[in-house]
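Whenever a hint applies, use it, and build me the whole structure from the sequences.
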Amino acid sequence: MDIATNNTIATLLHKLCEGLSSEPDSAYELALSYLTSTSEKSRSSQDERLLCQKIHSKLASVSAKDADKFNESYVKLKNSFVLKQRVAVLSLLLALSDTPQQTESTHQLFPLPNLPTVNSGLGVSASSSSKSTMGSMSWGSHAPKPQGSNQSLPSNSSNMIVAVQSNDRSTERACVRDAVLAAAGVKSRVPVAWPRPAQALYARIAHLGFLHDRLKEFIDPASGLMPQGLMGEGLVSSIRDELTEYYRSIALLQSQVCEGDGGGGTLRRVCVWAQEPLHRLTWLAYIAHTAHHKKGGELASCVHRFVRHGDDRVCSLARRLLTALTYPLLLMLTRWLLHGEIDDPFNEFFIESRSGVPIDRMWHDKYRVREWMVPSFMSRELASQILATGKSVVFMREACADEQAPADLTHQRHLHDLLQPQATPGGGERPDERVVSWWETDGLREGVSLAHGVASARLLGALCSHHHLLDHLAAHRRYLLLAQGDFVHHLMTLLQEELNKPATSLYVHNLTCTLEAAVRATNAQFEPPHVLARLHVNLYPNCDGREDSGWDVFALQYRVDGPLGTLFPATCAARYRALFTQLWRVKRIEHALHHAWRDYAILQKRLKHMPEVWGLMRRVSCLRAEALRLCGALQEASCEGAETAWAELLAAASERRHLDTLLALHHRALDRHSIHAMIHHTTQELQSYLGNVLNEILALRSFETTLHTGISAELERRDQLRELKAERISRGEYAFTSADEALDKEKRKIFQQFLANRKADLNVWARSYRGHVTTLILKLALHTEVSLQTLAFRLDYSDFYKRGDAKLHEPLTYQHKRLSEIGLHAARNKLIDHSRKK
Amino acid sequence: MMTSEKNAQISQARETFQILYQISQLLSTGLDTETLTICIRLCELGVDPEVLAHVIKEIRKMGEATVHDKPANLQV
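Going line by line, the protein sequences match chains A and B. Converting from the first sequence to our numbering requires adding 888 to each position, the first position being numbered 1. Converting from the second sequence to our numbering requires adding 47 to each position, the first position being numbered 1.
No incorrect hints appear here.
20 Å max Cα-Cα, derived PhoX-like pairs, lysine-lysine:
| id | chain 1 | residue 1 | chain 2 | residue 2 |
| --- | --- | --- | --- | --- |
| 1 | A | K942 | A | K953 |
| 2 | A | K942 | A | K964 |
| 3 | A | K1104 | A | K1075 |
| 4 | B | K104 | A | K903 |
| 5 | A | K942 | A | K957 |
| 6 | A | K903 | B | K108 |
| 7 | A | K1475 | A | K1389 |
| 8 | B | K53 | A | K972 |
| 9 | A | K1635 | A | K1647 |
FYI, nobody ran anything at the bench for these hints, they're computed from the structure.
If you want it as structure tokens, here you go:
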């Protein structure tokens, strides 16, 4: 080194020290001492390729992008001739590099075996070619791969001698070039002149070309194999990315193997290199094959199956594909959960919106889950929860006309967090850790349940506060299920005469007036106006042309509209009507019996001088009491049976549970009511028996009316006779002529006959009534519903009917139950024994 | 003729420097443009890069040590 150079170095060093350190002098001294102490040594000239390899692997361990950038920069650098000491600068940069360097051997993704090139004849030393940059061609290295020994060939295999002979070096190079081209999908044919091992190797590499062509075909829109829809496009684009990576690695391979001296580029090396891409392309092609003609969630499920593959490489490949292709799904999902909108031009989303559904059926019919589109990483429950959440949001907006966004945005943030990892794949800090995708985290479930909770609480809040849900529920129960006793009784009293007329002569407006009068007179007047405004009278004439009385067609109606129409749709109204009809009927019969008792009590006082009717009257009275008790028990049962279900419903409503839960509970409450009113589909048999009993009771009422009329007429006659006698005596005439006496006798005889007939009627009636009641009790006791069994017990708690009928002895007794259980048990044991013997 | 050739050379040199600076950033060497320029020139003059790297690291360590020492001195 001459002095001028030394001086320049010194000034530069000084500058450097000034730039770096606060104490430039001491730093300068230090630097000088280092430089002088080592400048004597001969520098070990570094191999450029090795250096590049090191830098590349170092960068690749952090991020594949950086490595690629470095490759580009390096190529440019190589082309510029300004820099003379390229190697020196690069090694300086490497040495100064911040990240701790790992041992180089573990970082070579495709470490090439230390093959001595057999007499290359070009003077390239074995040591320089042994570490060629081929190892840097990590294909698709952006997924951090496990660094295991499985990827490096055992070193003793390196002694294999390549079949290609040294003297046909050029042939081998041609082979290699052909093979690389074949791997890129260029169609070519193996020359027959090649040795067999070379042909075998070539065939193996050329398989890459075949796989490549399959994939190319798959992503080609013209081929028709491409999956449809956005998610399909996601899959195609991610396959395209994989292919691009593949092309890049092919290009690098080509540049290093086929150009220049060819380094260690033998066919066998290319074959070793081809292992990894071969594996990857094979699986890609397989996944693509199974994804043919699928779309949406189906496609996702199909790819998701590969995620569970035991091979780590396949698994990570499938995860990458799945994450790419489910991104549109995630977007749709977030949009649906937050805004209730479906933007699904290709029908890929697992929630379907049906057009032409009226607003009152929106909750039930508008949206539904497409079962086959639910991706396999999502449970059915989750899917239905997602459906419910979006539905609530839509419902809030459409039916409740509530545009105001909720103030609590935590769930929104949570859902947006799900979108985040998509934006920054890799995670930067922990490159070794797998990126956890949205579809496999609990974050999704949490986000959905948060959103679900918020949406349902908001919906129920709106329904309860603005739409008086609880008031309407209570009103249904009070007026349609006759829980408001004073009102019902008063209404019935007022309506009695009107409803006894035939149905054709009834008019709704008259009845409405009566209803209003009943409301004014009872506690119903304290109901809020939005409840009273909905209470109406309606007549439901039968279509079969029967001569109906007003009782048969009259019904109360509670009209709900708006958003609440969802909770009380038309089907629900029909059930309420059926319940009302049945309950009203029992109530009316009870009312009639009470009326009969009143008539009886009035009549009773005038019967002092008519001892011949006492027995009959007493009998009728007893039977009436029996029937009354039956009616009472029936009503009590039908109210009490549904009590718990109603309590649950109200509790759920006040807890702001989800609307679907409320609907289910409401249904359950109605079911309980129906069962106890015996109009449920499981109690059809009972319904007919109950109908018989009720008809009999009505017959008793009309019987009593006839009897009372007859007795009153007779009493009238006798009173008149007495008055006539008194008048005649006052006039001084004979009070009673023989003609009169004969007439009186005749009349009494007729009356006696009348009483005898009635007595016979009553006997017939009593027999048939008891028979019907017995059957009803028997059927009730045999019913599977426990509360109906208890009703049977309640109807006959004093064993009155049981004593009268032997049929009832069996099912009502403890022994019967026990016996039947024992019988079941014995049968089961027998069956078990039988199977054991076999 | 000469000037245009020179211009071309300068622009090429600048380009090369940009590339090197990019690589330096990628490797996060922590060198600013000025220091990098000096280092490249030193290397061009034949200074052993590894020794140079060692020197730079040492100087940096020294700077860190003084920074760390200062609060300790204040406490005493």
